[in-house]
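Number of protein chains: 2
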Amino acid sequence: MKLNDITRRAASWLSDSGPKHDVVISSRVRLARNLLGMPFPGRCTEDQRRNICHTVTEAIKKSGICDDQITLNMADYSRLDRELLVERHLISRQYAQDEHTRSVIVSGDEKLSLMINEEDHLRIQLLYSGLRLKQAFEEINNIDDSLARHLDYAFTPEYGYLTACPTNVGTGLRVSVMLHLPGLKLSGEIERAMRASRDMKLAIRGIYGEGTEALGDFYQISNQLTLGKTEEQIVNDFTNMFIPAILDYERKARQQLIEKNRLEIEDRMFRALAVTKSSKLMSSDETLDRLSMIRLGINLNCINDINLDTVNELYLLSRPAHIQKLHNAELAPRERDEVRSNMLRDRLAENRKTGKKNP
Amino acid sequence: MKLNDITRRAASWLSDSGPKHDVVISSRVRLARNLLGMPFPGRCTEDQRRNICHTVTEAIKKSGICDDQITLNMADYSRLDRELLVERHLISRQYAQDEHTRSVIVSGDEKLSLMINEEDHLRIQLLYSGLRLKQAFEEINNIDDSLARHLDYAFTPEYGYLTACPTNVGTGLRVSVMLHLPGLKLSGEIERAMRASRDMKLAIRGIYGEGTEALGDFYQISNQLTLGKTEEQIVNDFTNMFIPAILDYERKARQQLIEKNRLEIEDRMFRALAVTKSSKLMSSDETLDRLSMIRLGINLNCINDINLDTVNELYLLSRPAHIQKLHNAELAPRERDEVRSNMLRDRLAENRKTGKKNP
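Residue numbers (my numbering), protein chains in the order written: chain P, 1 to 359; chain G, 360 to 718.
Hint data in this document are derived by calculation from the structure and do not stem from the laboratory.
Quick caveat, the model's predicted, so the values are computed rather than measured.
It is possible that part of the hints are untrue.
[Unchecked claim] Which residues of chain P face chain G? A partial, calculated answer using Cβ under 7 Å: (1) 36; (2) 37; (3) 263; (4) 266; (5) 271; (6) 278; (7) 279; (8) 285; (9) 300.
We put the beta carbon where it would ideally sit given N, CA and C, even for glycine.
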């Protein structure tokens with residue numbers, strides 16, 4: 001399998017519709033692991049980094065955790081290819097921009113990715129559609145166990161897993177969900193929800209992690225601390241407490257909007273759909289905003305002739321690197337806006353033709 | 360014929376497409392006339408105003424200038440009905456809001472309207488689609504001559520026709536054209552064009568005359584002075600000099616836009632059409648802006664499946680009083696926005712179904 005194979009379709013965590021998918025786009029669990037007796041990547045020599053890549057890659061092969069895999073040696077890939085992986089949430093932006101020896105191993109369905117020599121020696125990530133943190137947590141535990149048979153992790157009974165950044169020390173686990181919160185945004189309650197989340201020690205970020213804006217009403221919510229809590233506690237708190245609370249809040253906001261301001265809200269949805277189907281130039285940020293309204297329209301049963309999967313797919317395919325990969329060329333922003341508009345029009349027209357309906 | 364008969368269709372000056380209709384919507388000539396030995400309406404008693412109404416109405420009947428006519432005694436009509444007549448350019452806004460005895464006589468095709476007891480005893484207006492000032496001027500001259508046989512006008516050899524406002528003294532003629540200038544607006548050259556027009560002693564106003572904004576890129580251009588120029592000079596200057604210059608300027612601006620910024624301009628046109636076909640709430644001002652872009656799209660052959668007549672018609676039918684008359688009820692602004700959206704969607708869908716094409 002090659003990188004190009006994954007460019008032209010949606011990642012499974014986006015194209016499958018998991019539980020609570022009206023609000024929860026995806027669930028992500030990530031483990032930070034480091035090898036015993038090696039400096040953290042930031043302090044490694046290139047030789048050491050090569051060693052780590054080799055050791056971890058071999059361990060992954062032996063462990064059999066990932067059959068249909070693709071190993072991407074970052075040095076072999078262009079800036080655009082790496083940006084594509086960022087857009088698909090397979091690697092972090094920092095990792096893409098780094099210049100040190102590093103490689104990432106991705107499963108064919110893109111649910112699993114293993115970054116070698118990011119901030120830690122190994123970052124294991126599992127990404128699922130919908131709210132499936134428990135399932136993801138169980139699976140990543142198995143993966144972690146399998147790898148541990150072939151790798152010596154840096155671990156102390158007192159602190160747990162040692163990591164480059166103190167916030168990851170302990171379980172090394174980060175749990176996050178990507179939420180679509182247009183209801184809270186439109187009703188003006190998003191700020192209050194974000195303050196409440198911060199009070200619960202949750203980190204809230206935009207769609208592409210730290211420092212990115214909440215484009216298209218997407219919010220990524222994750223745990224801030226891993227020390228002093230068991231992994232099960234973290235996952236349970238998320239699954240049983242935090243997320244249901246926000247989910248409920250968002251669904252109520254949507255219901256209120258449709259009951260009290262149906263016309264205003266329908267107006268926005270139908271305009272968003274019409275414009276996305278008709279524009280000749282559309283920026284990626286505008287696209288996310290328009291898709292957000294279309295997605296809301298589908299979830300509120302106002303828009304019935306567009307498939308939710310199509311919209312989810314377009315979130316990804318409309319991003320700048322994807323647009324350029326689809327077009328097989330580096331493009332200036334205005335050219336991207338043109339190619340993007342054409343793509344959006346085609347895909348939304350196709351969606352109609354196939355007559356796919358929402359389930 | 361009754362007022363209601365004219366509500367549901369476009370005025371002929373809008374639905375016919377006259378010469379140079381890509382830029383010139385309509386041509387208007389107006390004569391201000393007063394009766395000898397009577398104070399101007401602003402200084403009349405109600406008795407005198409009634410006398411004037413009677414005298415002028417009788418003269419119109421005897422003159423035979425208008426067969427299929429409708430006489431509207433303003434006092435019999437509601438605020439909404441009067442507003443409708445303003446939107447159709449049959450009476451002035453001041454005249455609609457006035458409370459004195461007054462009546463207007465309108466021809467069945469709405470080309471001719473005769474306002475009694477506006478600022479002057481009699482205002483005769485002829486309205487044609489496209490650039491047809493000469494034809495309109497010849498016709499209004501004939502009308503004026505016919506009426507003069509039955510009315511004694513206030514006239515002095517030194518000043519010409521006497522009028523309530525000194526700017527009308529002389530010929531009493533005002534010549535104006537309504538221009539659609541989206542090219543100059545989009546290219547940012549409209550201010551320069553307006554300054555140039557003012558230098559030529561032309562008055563530039565919005566779509567509904569003095570003090571109204573240039574909604575939908577419509578501009579009404581008229582002569583400012585009537586004293587010291589013959590009527591023929593005024594009409595000739597307009598037809599042979601002023602209007603061709605602006606027309607040329609606007610057409611060049613459009614051509615430049617389409618040559619240098621085709622995508623940007625198409626983007627705006629197609630978005631405007633898509634939004635107009637899909638909105639659930641649309642204000643009358645937004646409607647004019649959207650229709651302006653659609654009209655430009657049709658004239659530049661970018662939009663081929665919408666009929667120009669339909670768009671012209673919608674300019675009128677989407678105005679607040681028309682919306683309420685169509686709906687047979689007084690409506691609050693938000694209700695109007697809803698009815699307007701539905702009407703726009705229906706009419707644009709109908710236009711497609713009938714398969715009417717632009718000539």
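Violating hint indices (sorted, rising): 1, 2, 8, 9
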